[in-house]
Amino acid sequence: LAKTTQPISMDSYEGQEVNITCSHNNIATNDYITWYQQFPSQGPRFIIQGYKTKVTNEVASLFIPADRKSSTLSLPRVSLSDTAVYYCLVRPAGNTPLVFGKGTRLSVIA
Amino acid sequence: DAGITQSPRYKITETGRQVTLMCHQTWSHSYMFWYRQDLGHGLRLIYYSAAADITDKGEVPDGYVVSRSKTENFPLTLESATRSQTSVYFCASSGRDRDGYTFGSGTRLTVV
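The listed protein sequences correspond, in order, to chains W and D.
First residue of the first sequence: 1, per the numbering used here; consecutive thereafter.
First residue of the second sequence: 1, per the numbering used here; consecutive thereafter.
Heads up, a few of these hints could be off.
[Stated by the list, open to error] Derived lysine to any residue pairs resembling SDA-like cross-links, with alpha carbons at most 25 Å apart:
#1 D:K11 / W:R45
#2 W:K3 / D:R44
#3 W:K52 / W:T96
#4 W:K3 / D:S49
#5 W:K3 / D:D99
No lab work stands behind these hints: they were computed from the structure.
Turn these sequences into a full structure, and let the hints guide you.
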């Protein structure tokens, strides 16, 4: 499994765009990149997943460069309710379960 | 109600007792997982199941037993609880390869 590295914590003010970058240098050809969000006292929640270039949904955008050795989760105009831990994971093909790291703790400040 | 539910939400038990944490999902998802979350360790996989009657060990299986006689249920049993098993336990399910996982609300277990 490709290992991921992401910042331990980040702070942001309300209304700003937040970009969380994750490195996965050993990503394999068939691996996807997936991100989860976890609020305090709740289970993680799937946010977005992609293979290359850009993926956008109602919550976030995911940017993946051509070499796929890193990815950036972009949260537009964050609010206090976006305070959470964000996990970057590499998703292999097949049944291999997800391995969670420690994630990035995002704190949004008023 | 549709979704994935865990019970109980909170549990306090004594060292040496057997405890079973329940997980139930209503989507007929093939895959189900048990994770534990501790401060400083993040989420760690205990056991997982790809279908009824098929289970596999994860990263930290010692002291735990699982079964999957029905697709919708995936109970986790602590055969003889120890203080080191004090943790928050999350169950999750997934329908197909590369589908996102849906997690339950968790069970906070304290072993005294």
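Verification of the supplied hints:
1. The suggested pairing of K11 of chain D with R45 of chain W holds, with an alpha-carbon distance near 23 Å, which does not exceed 25 Å.
2. At roughly 15 Å between alpha-carbon atoms, K3 of chain W and R44 of chain D fall within 25 Å of each other, so this suggested pair holds.
3. Distance hint between K52 of chain W and T96 of chain W is fulfilled; the C-alpha atoms sit about 20 Å from each other, no more than 25 Å.
4. Between K3 of chain W and S49 of chain D, the direct Cα distance comes to roughly 23 Å. Compliance with the 25 Å bound is thereby established for this hinted pair.
5. For the proposed pair K3 of chain W and D99 of chain D, the alpha carbon gap of about 20 Å is at most 25 Å, so the pair holds.
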